[in-house]
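*Asks:* Residue strings, one per chain:
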Amino acid sequence: MSNVFSDTFAWLADPDHWSGSTGIPVRLAEHLQYTGLVMLIAVVIAVPVGLYVGHTGRGRVAVVALAGALRALPTLGLLTLFVLLAGIGLMPPVWALVILTVPPLLAGTYAGISSVDRNVVDAARAMGMTELQVLFRAEFPNALPVMFGGFRTGVLQVIATVSVVAYINLGGLGRYLFDGLVLSDFPQMLGGSLLIAVLAIAVDLVLALIQRLFLVRGAARTPNRGQQATVDLTDPVTAEPVLQGGTS
Amino acid sequence: MEWFLANSGTVFTLAGQHLVLAVIPMVLGLLVAIPLAQLARRSSTLRAVVLTASSLLYTIPSLALFIILPTVIGTRILDPLNVIVALTIYAVALLVRAALDAFDSVDDDLQQAAVAMGFRPLARFLQIDLPLSLPVMFAGLRVVSVSNISLVSVAALLGIGNLGMLFTSGLQRDFVTEVMVGIIAILILALVMDAILVVLERLLTPWARAAGATPAGPERATRGSAATVEAGA
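So the sequence lines, in the order shown, correspond to chains A and B. Just so you know, we're using this note's numbering here: the first sequence kicks off at 1 and counts up by one. Just so you know, we're using this note's numbering here: the second sequence kicks off at 1001 and counts up by one.
Rather than coming from a laboratory, the hints here were simulated on the basis of the structure. Check before you lean on any hint, since a few could be wrong.
Coverage of chain A stretches by chain B, computed from C-beta distances (three or more under 8 Å per stretch; other residues unrestricted) [as the list claims (entries may be wrong)]:
id : region
1  : 62 to 74
2  : 164 to 174
3  : 181 to 189
Restraint-style ranges between C-beta atoms, simulated for each label pair [stated by the list, open to error]:
id : chain 1 : residue 1 : chain 2 : residue 2 : range
4  : A       : 117       : B       : 1203      : 33 to 39 Å
5  : A       : 145       : B       : 1010      : 37 to 43 Å
6  : A       : 118       : B       : 1045      : 48 to 54 Å
Small disclaimer: the values here were computed from a predicted structure and weren't measured. All C-beta atoms in this analysis are idealised placements derived from N, C-alpha and C, irrespective of residue type, glycine included.
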């Protein structure tokens, strides 16, 4: 087995694989580009809806049902369906990915807003804030850490799923896996897999760093289980964003 | 529908393979996660290590893991064992956290009362901690069950038999019906597994149904969301 490792290392170290239109930097850029596009669209859809549901409590049942049903939807099935119905191109897989990414973002936003201490919300209202001010000055800042957790989960899930997108003739690091599979070129497959794994872990570390630097401030630095509004751990929607990561 | 009737044999065979690939890792994951969680509860350092390691493992995309594993454990690339090991790793990652939360959810007073009544550690674990942590544990199991069933289909890209095959062959033959049947079959599988887990939970926690007191609170919430999942799918 050691020769597979040295072959993979040789594949990764080969300067030919680091230049040109199928080189690692280009594939990496494509991977991040798809991820960014999907996240942008998904955030624009999920965050406003999540804020609305979290603030008013209206439509909670629908959000829980949607998140549960969409989680059971197989990534690969949705991708192939969209490609068959809408044709090959950039947008069909992107929309399929958006559909898969909205639920964790929505759940994170909703869980974040509803985890804010009710006393804080009541105090904000008692001080004479309008509903919009309550939402954006009291609830939103307090909910940000939990919301960002949902965002992290979403990003990782998209990075993972974008590797599958290569199966339907798009770029990204997943290309190495499928090109390698066709050619039975195991070092190429393993090299590509390692790159994807490293990318996922690196992005997660960067996001964790951002979270630590910018989001955990003041009272949130010492999270006190007793003072938080009770999060129902048996509720699948709030239970899921607890684990940061994403795998598709 | 016609296609499904004509090929129902194949679909059921694939569904069987799919179920095996999804359920075995769940059971194995639970068997590894519970002792690990108990161990992690001993010290806060251990706890941090276990939690960090589990979220790190969960970060690795499944397709990449399916390909990396054969080199690590010495199997062939098309061996279904790779899928089982990979999904077990994810199940452990999810369930360790769920188990920790579950054991934390058991009332301290009850544990102290059990100690005062002379329960030995193992008996206390089996008769007090484990049963009372079931509602939270089952919430974790249900997440694992759904995500496993969805993840197994990715293995079809490498040619490992399961319902995901319907997607790859549907795409190659430009045949939408086959893909639709695959999606619906996977949704049904996920739904049936979820229903089984809910029933199992109710059977294992009879006190939660009987008492209207404290344990009924979270239990009712679980049942509520389960009903809505069914309605939504």
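*Asks:* Now tell me, hint by hint, if it's right for this structure.
*Replies:* The hints, checked one at a time:
no. : hint                         : in the structure
1   : 62 to 74                     : holds (count 10)
2   : 164 to 174                   : holds (count 4)
3   : 181 to 189                   : holds (count 3)
4   : 117(A) - 1203(B): 33 to 39 Å : holds (37 Å)
5   : 145(A) - 1010(B): 37 to 43 Å : violated (48 Å)
6   : 118(A) - 1045(B): 48 to 54 Å : violated (34 Å)
Of the numbered hints listed earlier, those contradicted by the structure are 5 and 6.
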